[in-house]
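Colleague: Numbering of the sequence shown is given in UniProt numbering, commencing with residue 1 and proceeding in unit increments.
Derived by calculation from the structure, the hints in this document are not laboratory data. These numbers come from a predicted model, not from an experiment. Do not take every clue at face value.
What the hints assert, rightly or not - Estimated spans, in silico, between C-beta atoms of each pair: (1) A141 x D163: 19 to 25 Å; (2) T122 x G179: 25 to 31 Å; (3) R182 x P205: 15 to 21 Å; (4) I231 x N202: 31 to 37 Å; (5) E26 x A57: 51 to 57 Å; (6) D265 x A57: 46 to 52 Å; (7) G103 x S54: 43 to 49 Å.
Said to hold, decoys possible - Calculated cross-link-like contacts (lysine to aspartate or glutamate; reagent style EDC-like; alpha-carbon spacing at most 20 Å): (8) K98 x D163; (9) K98 x E171; (10) K98 x E186; (11) K98 x D118; (12) K98 x E36; (13) K98 x E29; (14) K98 x E149.
From the three backbone atoms N, C-alpha and C, an ideal C-beta is built for every residue, glycine too.
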Amino acid sequence: MPETRHHQHQHSHHQHGQQAPEHNEELAELLDLDAEVLGPFLDQETARIAERVSSPARILDLGAGTGTGTLALARRFPGAEIIAVDTDPGMVARLQEKLNQHGLADRITALQVDLDTDWPSTGPLDVVWAAQSMHHMADPAAVLARALESLRPGGVLAVLELDGPPRFLPEDLGIGRPGLERRMREVVAARHHHQLPHLGDNWTPIIEAAGFTDVVLREVQVALDPPHPEIIGRYAFGTLSRMRGSVGEHLDPDDRATLDALVGDGPDGLVRRQDLEVRSLRSNWVATRP
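Sequences are here, hints too, so could you generate the full structure?
Modeller: Structure representation (structure tokens):
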């Protein structure tokens, strides 16, 4: 079970960009792996929403990706109509397949919407859910303003964010120089500073500035130690393979060689290692429309 730290700030008052099809497929598979590993965490967050609105009639999922959050919301609120939107048509198609498989297409609608330029016609909402999507928005403040306008008085906003890719590797891998993952994350952070400037933001003042009240932050330190089931190796492989494609050219030759060994099918490959861990910081806000 993930360890949790609670920071409650109470006051009075995967939107995924267009990418090549093969990259979208890789991302979709990675999102599904993330859901399988960290599913209990999402159930904790939907329970927080239920504390504020027990029987929502209509929910909007912003940047739904492959539908992990959508399905978690559907489990928690079986009587709710859900509108799930994503800018990527491949994600929307994959989500639609899941809805058909689970017999949920009658109460969940999957739509392709670019939230930077458009907003779905939903009618009054009881919940707006944005899981790992707000940092993709070009103008998050504008999106939050639209969310506030769309919610009924007393409606709930949930914003779930993360501090970057999960960490998997021990400091000393037994191959290459120690500290590979730390150096990779430094490169990723530098790239995100330009490409995803809102990743890692403190969303409390932004949510409050949009007009929401009773803003509560809950931070979850995910810490899963070995031994692990086989899925952790696949989760690490999916994450580090994507990082290899995006930051590999910025690493020195020795680090690239080590990373290639990890994502290869040799004896040092991730799927064969028994020393992987999962570390991730998830920050999650709930707030209310007054």
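Colleague: Which earlier hints turn out false for this structure, listed by number in ascending order?
Modeller: 2, 3, 5, 7, 8, 9, 10, 11, 14
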